[in-house]
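Student: Whole structure, please, built from the sequences with the hints as guidance.
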Amino acid sequence: MNLKNMLRYKMAWARAEGPEHGVVLSSRVRLARNLSEYPFPGRATADSLAAVLAAAFEAAGKSPSLSGAARIRLADASALDRTFLVERHLISTKLAAISQHRGVVVGEAEVLSLMVNEEDHLRLQGISSGLCLADLFRRVSATDDELSGELEMAFHTDWGYMTSCPTNTGTGLRASCLVHLPALGLAGLVNRVLDGLSRLGIVARGLYGEGTKVMGDFYQISNATALGPNEGEVIETITRVVEGLLRRENETRSEFVSGEQKLRLEDLVYRSLGALSQARIVSFEEAMQHLSYIRLGLHYGWKLPVDLHTVNELLVLTQPGHVQMLAGKELGPQDRDFLRATLLRRKFAGEREAD
Amino acid sequence: MLCEQCHKADATVFFKQLLNNQVTELRLCGDCAKKIEVPALTSGSPIFDLLASLAKATERPGKIERLACSRCGLQYLEFRRTGLLGCPQCYDSFAKPLEELLKQIHGKTRHRGKMPPGVASARSEKRRTQETARLRKQLETAVKDEAFEEAARIRDMLKRLEK
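Chain order of the listed sequences is H and C.
All the letters of the first sequence, read from the start, carry residue numbers 1 to 355 under our numbering.
All the letters of the second sequence, read from the start, carry residue numbers 1 to 163 under our numbering.
Watch out, some of these pointers could steer you wrong.
What the hints assert, rightly or not - Computed cross-link-like contacts, BS3-like style, restricted to lysine-lysine with a CA-CA straight-line distance of at most 30 Å:
id, chain 1, residue 1, chain 2, residue 2
1, H, Lys94, H, Lys329
2, H, Lys4, H, Lys62
3, C, Lys108, H, Lys94
4, H, Lys62, H, Lys94
5, H, Lys94, C, Lys103
6, H, Lys4, H, Lys94
Hint data in this document are derived by calculation from the structure and do not stem from the laboratory.
Tutor: Below, the structure written as C-alpha cells:
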C-alpha cells in the first residue's frame, strides 16, 4: 500500500475557495448507517465484519457518485498510512487503532468518503472548503440513496436509522464546520460566545472532533443530537449558528484596526512570522498557533510571504503523520519537529531544504 | 511562564479543552504535554454520564438489569457500561429503557428525517391503503344519507387516489 501519492493531490476541503473561507475552513456532513442483517461492528465476529466490508466495497463500486473511488483495506495500510488518513479527516482515530476487516472508500478530491466497520457499519462523509453544509448534504444524501439501493439499512419505524450509539439514532447525521476564531480568542470572548451554543443543541470541539484538543483557535461546531429535527432543519440550524459566529468574529477583527490593539496584534502576527521563518524546532501545536495568527494577518491584507491557500495547506502538511509521509519514513518527535521547522522555513523564508 | 504540571520547565504548549462547555486551559512544557493524552471516548463523555445518572433515576433494580438482547445476547448492563448497542434487534429488546434514554439524549422520540427508499415507498403505500379505506366508508355513509353531491366528490377523490 502506498498512500504517499496522495500527498500530491489537493484535498477539496483545504483549498481556500469555499464561501466564507476566511473564517470557515471547511464543512463536513456525515451519515451513520448499519446493515440490518449484521450485528454492529463492536459485537460482530470476524466473519460478519468481513462480510460487511465486502458488501460495502461492492455497493460502493456500483455507486455512480463513488465511481473511481479508492477502496482501501486498513489491514493493508501501515500505522503511518493510517495516521496520514486520520490527518486528512478520512478515517477516525478509532478506526486507525483497529485495522482488521476495516476499510475506507475515498472519492474524488477526497470530498466523499465511506468508513467501513467503525462504530457503525457505514459512516458516509462529505467534506469541502468553506461554509457549504446544504450543498454537501445533497451530495452525501444522493450517495446514501445509491448505497441504500444495494444494501438493506437498519431502520426503526419510530426512531429512524439504528446506530450503535444511541446519540446517533434517528438521522445518523452529524453536520459540522471547522471555524477559525482568533480575534474572539484574543478578545477573550470565545468562551462566552461558545457557551451560548449548548442551548441550541450545538457543541464546539477540537480539531479532530470528539474528545480532541482545541488548538490555534480552530473549533468544530456541530449538532449534538440526531433524533427529532429532520436533516434539513439540522443543516439550517448549524449554518445559522456558524453565520452568527462568523459575524461576531469579523466584527471583533474590525475592532482591532487602530491604536494599541493594532500594535499588539501586529506584534503577535510578526512574532509568528519570525518563529515560522527562523525557528529550527517547531512542534505541531506551536505551528498551529503561529499559523493561526498568520491567517489573521492575511485577513487584514498585511504583507506576508504566504497566501491563505499556503497556510491552509501547511495546517495539513505540518501534522505529524504528514511530516513523516514527506520524509518517507517514521520519525521520532525530535526529528519531526526539526523537519516541520524546515518545511515551514522553506515556505516562509524561501529557504531551501537543508541537505 | 513555568509549566503548570512539573513547575520546572518553561511552558511552551497551551492546552485548551472544551468539556461540557467548560474550557480548561493548561500551560505545559513539551514533555508534560506529551503525557496528556486525548481523553477516552467513553469515560466522561456525555453519553456515559447520562447512562450512569439514568440508571440511578429510573430503574427498579432487577427486571431491567436482567434484560438481554434476543438476537446478539448483549446484556442491558453491558450496554449501560459501554453506551453501545450490539445489533438492530437491541432496539426492540431494550425498547422500554431505550425510549427513556433517547428522550434524555435528544429531547425527542420520533424520527422525522429521511428513510431508506424501500421503507419510504412501503409507508406511502400503507398510507394510501388507509386513506382509500377511509374514503370508501365516507362514500357509503354519503350514499346512505342520499348526499349525492358529497358522494360524487368523494368518488372523484378515490379515483385520483387509485390512479
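Student: Run every hint past the structure and note whether it holds.
Tutor: Status of each hint after checking the structure:
1. H:Lys94 to H:Lys329: Within the cut-off at roughly 23 Å; holds.
2. H:Lys4 to H:Lys62: It holds: about 27 Å lies between the C-alpha atoms, which stays within 30 Å.
3. C:Lys108 to H:Lys94: holds, 28 Å
4. H:Lys62 to H:Lys94: It holds: about 27 Å lies between the C-alpha atoms, which stays within 30 Å.
5. H:Lys94 to C:Lys103: holds, 27 Å
6. H:Lys4 to H:Lys94: holds, 22 Å
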